[in-house]
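Residues per chain are reported as follows:
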Amino acid sequence: MWGDPRKGPLLLVAMIVAALPLVLPNTFYFDVAIRIYLNAVVAVGLNLLIGYAGQISLGHAAFLGIGAYASAILTSRYGWPPVAAMLVGALGVAVLAFVVARPILRLKGHYLAMATLGMGIIVYIVLVTESAWTGGPDGMAVPAFGAELVGERRWYWVAGACLLATIWIACNLVDSPIGRALQALHGSEIAAQVAGIDTARYKVKVFVISAVFASLTGSLLAHYVGFITPQLSGFFHSIELVTMVVVGGMASTYGAVVGAAILTVLPQLLSTFEGYELVVFGLILMLSMIFMPKGLVPNLAGWLRRS
Amino acid sequence: MALLEVRDLDMVFGGVHAVQGLSFEVAPGTVYSVIGPNGAGKTTLFNMVSGIYKPTRGRIFFDGEDITGKPPHALARRGLSRTFQNLQVCMNLGAIENVMVGAHLKLSQRLLPAMLHAPWLAKADDACREEAARLMHFVGVGRYVHAHASSLPYGALKRMEIARALAAGPKLLLLDEPAAGLNNTETREIDTLIQKIAASGVTVVLVEHDMKLVMGISERILVLDYGKKLAEGSAAEVRSNPDVIVAYLGGA
Ligand SMILES: Nc1ncnc2c1ncn2[C@@H]1O[C@H](COP(=O)(O)OP(=O)(O)OP(=O)(O)O)[C@@H](O)[C@H]1O
Ligand SMILES: [Mg+2]
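Here the protein sequences come in this chain order: A and B. Going by our numbering, the residue at position 11 of the first sequence is 31; the numbering climbs one at a time, nothing skipped. Going by our numbering, the residue at position 108 of the second sequence is 321; the numbering climbs one at a time, nothing skipped.
Don't take each hint at face value.
Stated by the list, open to error - Straight-line C-alpha distance at most 20 Å; calculated SDA-like pairs for lysine to any residue:
(1) K314(A) <-> N305(B)
(2) K128(A) <-> I265(B)
(3) K27(A) <-> L334(B)
(4) K314(A) <-> I304(A)
(5) K425(B) <-> A460(B)
(6) K314(A) <-> H361(B)
(7) K384(B) <-> T243(B)
(8) K425(B) <-> A444(B)
(9) K283(B) <-> R122(A)
(10) K283(B) <-> R221(A)
(11) K384(B) <-> A215(B)
(12) K314(A) <-> G307(B)
(13) K27(A) <-> P332(B)
What the hints assert, rightly or not - Simulated restraints, written as ranges between beta carbons of each label pair:
(14) Q408(B) <-> I142(A): 55 to 61 Å
(15) R173(A) <-> H350(B): 54 to 60 Å
(16) M35(A) <-> A287(B): 46 to 52 Å
Since the hints were derived computationally from the structure, they do not count as laboratory data. Every value quoted in this text rests on a predicted model; they were computed, and no experiment measured them. C-beta: ideal position from N, C-alpha, C; glycine also.
Just chain A, with the same shape it has in the complex (with noise of 0.2 Å):
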């Protein structure tokens, strides 16, 4: 039952997400509960393409900025129904990534991160500039999702089922011949062309999949905190995401959900050290990366296995 897991560790998750509001004292619990769970949206989306697939992308946070903003314009401007806006966001996302990837995938290692870089802080520039559009840097407000998904308490159970459809579809995807693909391309790229496999489309797909996660996390996290600003898309937020799935685990779907969680806990300890807190925190960074160079879930189930 753990050999799968898209069973044990799983159900585990499902019941963690079910019980937790039962110990959660007030809204602000519920509140960082929300955020780790879109987050882990996101960064296991992300972990498909860096963890897999091996491509990195420092300018992920655009996707997720541009699926908030088409909610959160076409909700209010244009008065759709967020599911649509929600949808053609994602669409208009997909078709991006998709027109971006080819030439930027065939980039590799350093030029790659400096191609995501750029196009991240384009779209960064394009949210902050396009004011009437956007608001500018002083961000616009979003309509609620609707008159019943108000308050952290209801938002709590859309995060959760969000996560753990997720889960499962990463979980599969891994596990078929796509995600073989991806691995066998990350492995050896020319071991896996010769076998038949056309890499570059290939890398293509999982940077579409993983911008079209981020886009819809970005259209509910919009809906939900009501307000959006550029910064969503920004430099710092993509460093974070990518963080997220380095710390957890590079290719552990789990380790990103792992990662997901500890990248949003961390700020709100570290606030007691008020001024330090990004100095703290990437110390904790640099010791994780010193000592658990694969990241937290595969170094803890290699010590199990040991054990």
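Use these hints to put chain B with the ligands onto chain A, whose structure you have.
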């Protein structure tokens, strides 16, 4: 008709003329060997035939079709498979998954069924896994079915690559030095294995330095020297060719 035909092939790297004016044909159902000293251009030839390098000049025909400059994945689709002199193994996967990668084109590549774990796809994948296990036994690495690729010894990885190539169900199999780094017993096993593969109807092009293996197994042999054809013929013809004797004894 030849299964593989190479016509007037040239490959230039900067100042190095790695392959020059090379032409030959491989008849279907045969074992065809390419030999020659280090740096003769054997691996470069394989890289051109399998689409990894684009030839500077010349044409390559596979199964009657001009495949010059087509990418490797397009050639795999047409039934061309190979192994590597310097291993190309996915160390992030299990040994059996490496072999399953070889069967990629036999499985559905559709996204939605994969994301939703469609039962028919899962069933096809299980069948693929069984076939991969069978192939691992066939090439003699059956005991590594549950092992991680990174834990396999060198000799086992070489065979695993053969299993991966076979998993595609190829018409033509290119083997680049399958016996390199193996001891005598292992080399004899590889000899038997290649004969079994050939007997199953797969055409084999073999690059190998082990002369005993090459001479015993090949219908035809091509001798390369500095990227040029030095001689071509049966084992007996090649062995008695004065140019070959000079090149191999290192005489002037
Ligand atoms: N990618 C490359 N870039 C530049 N030069 C190359 C490249 N690949 C091969 N060469 C050169 O081409 C020549 C032929 O090399 P190749 O690897 O084809 O020889 P080989 O016959 O396979 O030798 P060996 O028996 O040692 O494997 C050598 O001089 C080599 O240095
Ligand atoms: Mg070679």
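Status of the hints after comparison with the structure:
1. K314(A) <-> N305(B): Given pair K314(A), N305(B) holds - Cα atoms ~12 Å apart, limit 20 Å.
2. K128(A) <-> I265(B): OK: K128(A) and I265(B) at ~18 Å, within 20 Å.
3. K27(A) <-> L334(B): holds, 18 Å
4. K314(A) <-> I304(A): Between K314(A) and I304(A) the Cα gap is close to 15 Å, so the pair holds against 20 Å.
5. K425(B) <-> A460(B): holds, 17 Å
6. K314(A) <-> H361(B): holds, 17 Å
7. K384(B) <-> T243(B): holds, 11 Å
8. K425(B) <-> A444(B): Cα-Cα ~18 Å, so holds.
9. K283(B) <-> R122(A): With Cα atoms ~19 Å apart, K283(B) and R122(A) stay inside 20 Å; holds.
10. K283(B) <-> R221(A): holds, 15 Å
11. K384(B) <-> A215(B): holds, 12 Å
12. K314(A) <-> G307(B): It holds: about 17 Å lies between the C-alpha atoms, which stays within 20 Å.
13. K27(A) <-> P332(B): holds, 16 Å
14. Q408(B) <-> I142(A): 55 to 61 Å: holds, 60 Å
15. R173(A) <-> H350(B): 54 to 60 Å: For R173(A) and H350(B) the Cβ distance comes to about 57 Å; the hint holds.
16. M35(A) <-> A287(B): 46 to 52 Å: Taking Cβ atoms as reference, M35(A) and A287(B) lie about 48 Å apart, which means the hint holds.
Comparing the model with each numbered hint stated earlier shows that all of them hold.
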